[in-house]
Amino acid sequence: MLNDWLFIGVFLLLAPVFPAAALLIPRLIAPRKPNPLKMQTYECGIETVGNTWVQFHVQYYIFALVFLIFDVETVFLFPWAIAFDQLPLFAVLEGVLFILIVVAGLVYAWRKGALEWK
Amino acid sequence: MDDPVIFIANWLKNLLIGWGLSQGLVTLILTVIGVVVLASVLLLLDVFLVWVERKVVARFQDRFGPNRLGPFGLIQPFADIIKLLIKEDITPIGADKIVYNIAPIIALATVVALWGVLPISATIYGTNLNVGVLYIVAIGAISTLGIIMAGWASNNKYALIGAFRTVAQMVSYEVPMVISLMVPVILARSMGLKDIVDNQIFWYILAAPVAALIFLISNIAELGRAPFDLTEAESEIVAGFHIEYTGMKFGLFYAGELLHALTIGAIFSSLFLGGWRGPGAEAFPIIGIFWFFLKAFFMYWVIMWIKYTFPRIRIDQMLNFNWKFLTPLALVTLMVTAILDKLLPHQNLPIYTLGMLLANLVIVWVTLQILRSGARSERMRVGEPKPVATPPQPAPVTSQSTPGATQ
Chain A
424 MLNDWLFIGV FLLLAPVFPA AALLIPRLIA PRKPNPLKMQ TYECGIETVG
474 NTWVQFHVQY YIFALVFLIF DVETVFLFPW AIAFDQLPLF AVLEGVLFIL
524 IVVAGLVYAW RKGALEWK
Chain B
519 MDDPVIFIAN WLKNLLIGWG LSQGLVTLIL TVIGVVVLAS VLLLLDVFLV
569 WVERKVVARF QDRFGPNRLG PFGLIQPFAD IIKLLIKEDI TPIGADKIVY
619 NIAPIIALAT VVALWGVLPI SATIYGTNLN VGVLYIVAIG AISTLGIIMA
669 GWASNNKYAL IGAFRTVAQM VSYEVPMVIS LMVPVILARS MGLKDIVDNQ
719 IFWYILAAPV AALIFLISNI AELGRAPFDL TEAESEIVAG FHIEYTGMKF
769 GLFYAGELLH ALTIGAIFSS LFLGGWRGPG AEAFPIIGIF WFFLKAFFMY
819 WVIMWIKYTF PRIRIDQMLN FNWKFLTPLA LVTLMVTAIL DKLLPHQNLP
869 IYTLGMLLAN LVIVWVTLQI LRSGARSERM RVGEPKPVAT PPQPAPVTSQ
919 STPGATQ
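If you read the sequences in order, they're chains A and B.
Residue 541, in this note's numbering, is where the first sequence stops; the numbers in between run on with no holes.
Residue 925, in this note's numbering, is where the second sequence stops; the numbers in between run on with no holes.
Treat the hints as calculated values from the structure; they're not laboratory data.
From a predicted model like this one, the values you see are computed outputs, not experimental measurements.
Mixed in with the good hints there might be a few duds.
[To be verified] When the alpha-carbon atoms are kept at most 25 Å apart in a straight line, the in silico BS3-like pairs for lysine-lysine are as follows:
| no. | chain 1 | residue 1 | chain 2 | residue 2 |
| --- | --- | --- | --- | --- |
| 1 | B | LYS615 | A | LYS461 |
| 2 | B | LYS842 | B | LYS860 |
| 3 | B | LYS842 | A | LYS535 |
| 4 | A | LYS461 | B | LYS573 |
| 5 | B | LYS601 | B | LYS573 |
| 6 | B | LYS615 | B | LYS605 |
| 7 | B | LYS842 | A | LYS456 |
| 8 | B | LYS601 | A | LYS461 |
| 9 | B | LYS573 | B | LYS825 |
| 10 | B | LYS573 | A | LYS456 |
| 11 | A | LYS456 | B | LYS825 |
| 12 | B | LYS842 | B | LYS825 |
[To be verified] Cβ-Cβ distance ranges computed for the label pairs, FRET-style:
| no. | chain 1 | residue 1 | chain 2 | residue 2 | range |
| --- | --- | --- | --- | --- | --- |
| 13 | B | ARG832 | A | GLY528 | 38 to 44 Å |
| 14 | A | ALA537 | B | GLY892 | 15 to 21 Å |
| 15 | A | ARG450 | B | ALA801 | 22 to 28 Å |
| 16 | A | ASP508 | B | ASN585 | 51 to 57 Å |
| 17 | B | LEU812 | A | LEU447 | 21 to 27 Å |
| 18 | A | TRP533 | B | ILE824 | 36 to 42 Å |
| 19 | A | ALA527 | B | GLY892 | 19 to 25 Å |
| 20 | B | ARG894 | A | ALA537 | 41 to 47 Å |
[Claimed, not checked] Counterexamples of contact, computed for chain B against chain A with all Cβ distances above 10 Å:
| no. | residue |
| --- | --- |
| 21 | LEU602 |
| 22 | PRO610 |
| 23 | VAL651 |
| 24 | SER690 |
| 25 | ARG707 |
| 26 | ILE761 |
| 27 | ALA801 |
| 28 | LEU886 |
| 29 | ARG894 |
From the three backbone atoms N, C-alpha and C, an ideal C-beta is built for every residue, glycine too.
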C-alpha cells in the first residue's frame, strides 16, 4: 500500500525532469541573439493594441459553478460505486435518489437559462 | 518461465540485497529505475507517434506523408527534433517568465504521469493504486492547467481567449467523463485499473457501450482535438494558447498532445476493451504488452479518424452538446446501470452482460427518439415565416378621424 504511493510520488517528482531536460539542451546549443523587434508579442502579425489581461465573460463563471456541483456529487458517488456488494437494493435506490436531486439542479439551471451561451 | 521484466527486477533486487543494502533502500532504487525506464520508453514512443500521426494524416488526405528520410520516412521525427533543439528560444516582452516556462513542462509531465497506474500487462504495471480512476481524472485536470498557464502568461489576447475557451471546455466535459467512468467502477467494484482489467472476462464495452461512447467523446474534448479544437482554432485565434511558443517549448506541447491521445486510447482500452487481455496473455504476460498497445493504437487511430473527419463546432454548440445532451445521458446511464446491477444475477456473467447490453440499447433507442422529436420541432420552428423577414407594411390610411377630433 505504502509502496503504491512511493511509486506515484517518485513518478510525479521525476516526470517533470524529462521535459525540463529537453528544455535545457536548447539553452546550451541554440543561438541567443535577442533584439527588441524580435521580442515583440507576435499575436497575429501586427502590433498589439491595449492591455492583454482583460476582464472575461461572466458566463465562464456560471459554467464553473454548475461544474462544481457535479464534481462534488461524483466525489460522493465513487464510494457508493465501490461498496456496491455490501449495499442492499434500498441503498442503491437512495443513491439514485441523490443523483435525481442533482438532476433537478441541472433542470433548474437549464430553465433559468444559465446553460445558454450569450 | 517467468516473464523477463519480473525476472530482471527480481535479479536486481537480490543483487542489491546481496550488496548489503537495506530493504527500504532497495525498494526505492527499484522504484526509481522502474519510473525512469517507463518514462524513457514513453518519450521514445512519443517520437515515434509524430511519425505515426503525420503518416496517418497523409493517408486520410490522400497524400504519402514523410517518405524521404530512412525507410518509410522513419528518421523524419528525429530530424524534426534536432531542428527544434537548435531553434532560438524567444520569450516575448511582457510575458510572465516563470509561468511561461513551466507551462510546457506541465503539459508533457502530467501526460507521462498518467501511465503510472495503467496496467501494461498482467505483471507489468506501475502500481495498482486503489483510487486509480480518480488519479487519472485528477492528473488529467492538471494537464489542462498547463494550457491555461500558457495562454495566461503569453501576453497575447488570442492566447488568452484560447485559454478561456479551454477552461469552459475542460470544466464542462469533465462532468460526463467522471460520471461515465463510474460505470466500469460499478461493474468491477474497484477503482484500481488493474482490478478493472482483471475483472473483464467480457469486455466492458459489451456491458456499457453508451458509457464507453460518452467517455470517448468527453476525452476527445479534454484533449482539445477536432471537432473540439476551439482552444487552437487557427481560423479564429491564430493558434490559441501556443502562439508565442517557439522551438522545443512548442515541441513539448505538440509531444504532449500526441502522447495524451495515445494515453486516452490506453485508458479507454483498459477500461472498456479488456486492457492487456487477449489470446495467450494470461499464460505469457509478455504477450499482454502486444495486445495492450494494439488496442491503444487502435483507439488512437479512431481518435485521429474522428479528428480528420469532422469540422470544428462553435462554442455554444460545444456547451449545449455537453450540458443538454452528454451530461443527462451519462446520468441516466449511471442510474440504469446501478439499478440493473442489483437486479441481474451477478454469478451468471453471460446473462448479466446480455441484460446490460439490452438496457443500453433501450437507452440508445429512447435517446434517438427524443433527438428525433426535438429535431422535428426545430425544423418546424425554422420553417415558420419569420416576422423580421416580412417587408415593412405601409401604415394603413385611416379615413375615420379619432373620436376626440370630431368634437
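Results for each hint:
no., hint, verdict
1, LYS615(B) <-> LYS461(A), "holds (16 Å)"
2, LYS842(B) <-> LYS860(B), "violated (28 Å)"
3, LYS842(B) <-> LYS535(A), "holds (13 Å)"
4, LYS461(A) <-> LYS573(B), "violated (34 Å)"
5, LYS601(B) <-> LYS573(B), "holds (19 Å)"
6, LYS615(B) <-> LYS605(B), "holds (19 Å)"
7, LYS842(B) <-> LYS456(A), "violated (52 Å)"
8, LYS601(B) <-> LYS461(A), "holds (19 Å)"
9, LYS573(B) <-> LYS825(B), "holds (14 Å)"
10, LYS573(B) <-> LYS456(A), "violated (35 Å)"
11, LYS456(A) <-> LYS825(B), "violated (38 Å)"
12, LYS842(B) <-> LYS825(B), "holds (23 Å)"
13, ARG832(B) <-> GLY528(A): 38 to 44 Å, "violated (26 Å)"
14, ALA537(A) <-> GLY892(B): 15 to 21 Å, "holds (20 Å)"
15, ARG450(A) <-> ALA801(B): 22 to 28 Å, "violated (49 Å)"
16, ASP508(A) <-> ASN585(B): 51 to 57 Å, "holds (55 Å)"
17, LEU812(B) <-> LEU447(A): 21 to 27 Å, "violated (35 Å)"
18, TRP533(A) <-> ILE824(B): 36 to 42 Å, "violated (28 Å)"
19, ALA527(A) <-> GLY892(B): 19 to 25 Å, "holds (21 Å)"
20, ARG894(B) <-> ALA537(A): 41 to 47 Å, "violated (26 Å)"
21, LEU602, "violated (8 Å)"
22, PRO610, "violated (5 Å)"
23, VAL651, "violated (8 Å)"
24, SER690, "violated (6 Å)"
25, ARG707, "violated (6 Å)"
26, ILE761, "violated (6 Å)"
27, ALA801, "holds (27 Å)"
28, LEU886, "holds (21 Å)"
29, ARG894, "holds (20 Å)"
Violated hints for the displayed structure, listed by number in ascending order: 2, 4, 7, 10, 11, 13, 15, 17, 18, 20, 21, 22, 23, 24, 25 and 26.
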